[in-house]
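In the order they appear, the protein sequences are chains E and L. Residue 1 is where the first sequence starts when you use our numbering, and the numbers rise one by one after that. Residue 1 is where the second sequence starts when you use our numbering, and the numbers rise one by one after that.
Among these hints, one or two may not hold up.
[Unchecked claim] For each label pair, taking beta carbons as the anchor points, the in silico distance ranges come out as:
hint, chain 1, residue 1, chain 2, residue 2, range
1, L, Val134, E, Gly101, 52 to 58 Å
2, E, Arg98, L, Thr87, 20 to 26 Å
3, L, Val134, E, Asp115, 21 to 27 Å
4, L, His175, E, Ala155, 39 to 45 Å
[Stated by the list, open to error] Just some of the chain E residues that point at chain L, by a computed CB distance under 7 Å:
hint, residue
5, Val171
6, Glu173
7, Arg179
8, Phe180
9, Gly181
[As the list claims (entries may be wrong)] Reference listing, derived: stretches of chain E covered by chain L, where coverage requires no fewer than 3 residues with Cβ under 8 Å from a Cβ of chain L:
hint, segment
10, 25-38
11, 96-106
12, 133-139
Keep in mind that the hints were calculated from the coordinates and are not lab data. Glycine is no exception: its CB is placed at the ideal position from the N, C-alpha and C atoms.
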Amino acid sequence: MKLRLATVWLAGCSGCHMSFLDLDEWLIELAEQVDVVFSPVASDIKGFPENVDVCLVEGGVANGDNLELILQVRARTRLLVSFGDCAITANVPGMRNRLDGAEPVLRRGYLELADGSGQLPHAPGLVPDLLERVLPLHEVVPVDLYLPGCPPSAARIRAFLEPLLRGERPVMEGAAMIRFG
Amino acid sequence: MSVRTLTIDGRDVAMATGATLLAAAREVGVSIPTLCHLEGLSPVAACRLCLVEIEGSGKLQPACLTPVAEGMVVHTDTPRLQDYRRTLIEMLFTEGNHVCAVCVANGHCELQDRAVEVGMDHSRLPYRHPDRPVDLTHHLFGLDHNRCILCTRCVRVCDEVEGAHVWDVGWRGEHCRIIAGLNQPWGAVDACTDCGKCVQVCPTGALFDKADTTGEKHADPARLWTLVRARARGQQTP
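The following block holds chain E by itself, in its conformation from the complex:
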């Protein structure tokens, strides 16, 4: 049976997913070996499915939607992978944590730096509320594997996925596999 693969995009710039697309023609080989069951770049399914084998999660946990989705991902996934520096360290989205809370961040972004017509976003049910702090995935849910990089290069992503396809655990060591940045 084919591996059920998902990719998820939380608080990140989508660069990790762009790097995933940089796998180019190897994506065709990958597509033959896995079922992509959920992904912002490779699937149209809107709800996160059950019984996922491997899920690459880009981005940290920054808002209510991120939180809800990562809990669902964790509950339905065998191997949860922190995909890229934002998922692992909170990285650039986490730079707002120094302002110490969601309210000061919104005030800074929407009022203090606005040109005079600024207003705080308020659309309950449409625009998710910011969490007080952006958190790396493993500070919210247990994470099984870490794939660092900003973004991880296509070569690194491939070297990570190939052992998984053979049912092995990738060896995460050395600059080629774990260097941040």
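Fit chain L to the given chain E structure using the hints.
Then chain L, alone, in the frame of chain E:
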């Protein structure tokens, strides 16, 4: 010159009295990770990465500062030391704000290098995200306290090599940081000669040339040793 013989990771080594364990280890090709240590500057054992086990001693000792002794049996890479070193690197990453993706030193950073060496693919400690300032008052250089690991290379190079003593360490604990002059803006300190040695020896992107943007700082701290050696030779020749 009297010689001391000892064993490092099972290898016999003979060193002159007064040599450090770090020098002895390098003599026999044993690599001990370091961050604050730099050839040409006095050792201070600030980063604790080079801690080693010495048989018969319950205390771990910093290799950069511990002199060789006769009959010492030293272990530099035990599972306990490996775990401590990874924890130390995680503490450095989580204590400040090290956002590699937007750092001048990305790709040429000794902290990044050490993280790879100790096998850090994530931090087991929570990130603090402290609020730290950036000093851009100097006309050529900047100091980003977010990226500073308090190795004090800048303090030492300015004092011991340049002789200007612009830098010091102020406060303690989580408030501890590098200060210019008497805790003044860097640009207001007349003692600074604009030589840039502090920028060159900084292991991270904390001290940087303002002309450099993301990933453009290519410092070469090892060059300091060339300068210090050349000066020492100059002083020997009348």
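Verification of the supplied hints:
{"no.": "1", "hint": "Val134(L) <-> Gly101(E): 52 to 58 Å", "result": "violated (21 Å)"}
{"no.": "2", "hint": "Arg98(E) <-> Thr87(L): 20 to 26 Å", "result": "holds (24 Å)"}
{"no.": "3", "hint": "Val134(L) <-> Asp115(E): 21 to 27 Å", "result": "holds (25 Å)"}
{"no.": "4", "hint": "His175(L) <-> Ala155(E): 39 to 45 Å", "result": "holds (42 Å)"}
{"no.": "5", "hint": "Val171", "result": "violated (10 Å)"}
{"no.": "6", "hint": "Glu173", "result": "holds (5 Å)"}
{"no.": "7", "hint": "Arg179", "result": "holds (5 Å)"}
{"no.": "8", "hint": "Phe180", "result": "holds (4 Å)"}
{"no.": "9", "hint": "Gly181", "result": "holds (3 Å)"}
{"no.": "10", "hint": "25-38", "result": "violated (count 0)"}
{"no.": "11", "hint": "96-106", "result": "holds (count 4)"}
{"no.": "12", "hint": "133-139", "result": "holds (count 4)"}
Hint compliance for this structure: hints 1, 5, 10 are broken, all remaining hints hold.
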